[in-house]
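Sequences are here, hints too, so could you generate the full structure?
Chain by chain, the residues run as shown.
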Amino acid sequence: QVHLVQSGPEVKKPGSSVKVSCRASGDTFNGYSFSWVRQVPGQGLEWMGRITPIFRKVDNAQKFQGRVTITADKSTSTVYMELNSLRSEDTAVYYCARSRAPGLFDHWGQGTLVIVSP
Amino acid sequence: DIQMTQSPSSLSASVGDRVTITCQASQDISNFLNWYQQKPGKPPKLLIYDASTLETGVPSRFSGSGSGTDFTFTISSLQPEDIATYYCQQYQYNNLPLTFGPGTKVDVK
Chain A
37 QVHLVQSGPE VKKPGSSVKV SCRASGDTFN GYSFSWVRQV PGQGLEWMGR
87 ITPIFRKVDN AQKFQGRVTI TADKSTSTVY MELNSLRSED TAVYYCARSR
137 APGLFDHWGQ GTLVIVSP
Chain B
12 DIQMTQSPSS LSASVGDRVT ITCQASQDIS NFLNWYQQKP GKPPKLLIYD
62 ASTLETGVPS RFSGSGSGTD FTFTISSLQP EDIATYYCQQ YQYNNLPLTF
112 GPGTKVDVK
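Here the protein sequences line up with chains A and B, keeping their order. So in this note's numbering, the last spot in the first sequence is 154, and the numbers never skip. So in this note's numbering, the last spot in the second sequence is 120, and the numbers never skip.
There's no promise every hint is true.
Unchecked claim - Cut-off 27 Å, straight-line C-alpha distance, at most; resulting in silico cross-link-like pairs (BS3-like, lysine-lysine): (1) A:K49 to A:K99; (2) A:K110 to B:K56; (3) B:K120 to A:K48; (4) A:K110 to A:K49.
As the list claims (entries may be wrong) - Residues from chain B that keep clear of chain A, each with C-beta distances beyond 10 Å, as calculated: (5) L22; (6) D39; (7) K50; (8) K56; (9) E66; (10) F73; (11) S74; (12) S78; (13) E92; (14) I94; (15) Q101; (16) D118.
Hint data in this document are derived by calculation from the structure and do not stem from the laboratory. Everything numeric in this text was worked out from a predicted model, so none of it was measured. Every residue gets a Cβ at the ideal spot worked out from N, C-alpha and C, and that includes glycine.
Shown next as structure tokens:
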């Protein structure tokens, strides 16, 4: 049984940073890649980037290049997504998702609401 | 970036109806297409991968077809629990970013 458990909701000021965690349990951590997907309230899904811990390989969407940092801690089976220079448009639910095959999101975290407000 | 479009953006159907959603990619993605179901306040759930393969545990009333740029998702007999928004998503190998369609909201009449 695979579980992805994310950190709790955050309220941040514009210009600050947020770091969201996603702890995986129930299966081999190193054998998969993990993506971050966000959803602005009432809108669609947007892929931000992914990490493949066993290869220490990170791919980011060009839109977020320079603002997002995705890391992994193999010792705790946790992946992290840090987003800098926050603006109001970054208010969204941020999901982590596991891929058992390239581009296929078979398990998702519960989501973390990040609110960016003055 | 590969752009994904879906139609319709929303639909309302009766229980037992056949429901069809189409998804179009801006370029050939072979069969690298997934379908997800998302209910309010929940994360998406994988239903179909590789355009037509049913994920384990997903009811057989869900199906997918297509290749290249044009894809179809079908619910053969709509059930009340199928009320959700459905998203297609492409994952053409090494062609980042991975992109989703805008979603189709399905309601019951």
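Checked hints:
{"no.": "1", "hint": "A:K49 to A:K99", "result": "21 Å, holds"}
{"no.": "2", "hint": "A:K110 to B:K56", "result": "26 Å, holds"}
{"no.": "3", "hint": "B:K120 to A:K48", "result": "41 Å, violated"}
{"no.": "4", "hint": "A:K110 to A:K49", "result": "31 Å, violated"}
{"no.": "5", "hint": "L22", "result": "17 Å, holds"}
{"no.": "6", "hint": "D39", "result": "15 Å, holds"}
{"no.": "7", "hint": "K50", "result": "12 Å, holds"}
{"no.": "8", "hint": "K56", "result": "8 Å, violated"}
{"no.": "9", "hint": "E66", "result": "7 Å, violated"}
{"no.": "10", "hint": "F73", "result": "15 Å, holds"}
{"no.": "11", "hint": "S74", "result": "17 Å, holds"}
{"no.": "12", "hint": "S78", "result": "16 Å, holds"}
{"no.": "13", "hint": "E92", "result": "18 Å, holds"}
{"no.": "14", "hint": "I94", "result": "17 Å, holds"}
{"no.": "15", "hint": "Q101", "result": "8 Å, violated"}
{"no.": "16", "hint": "D118", "result": "16 Å, holds"}
In the structure shown, a violation is registered for the earlier hints numbered 3, 4, 8, 9 and 15, in ascending order.
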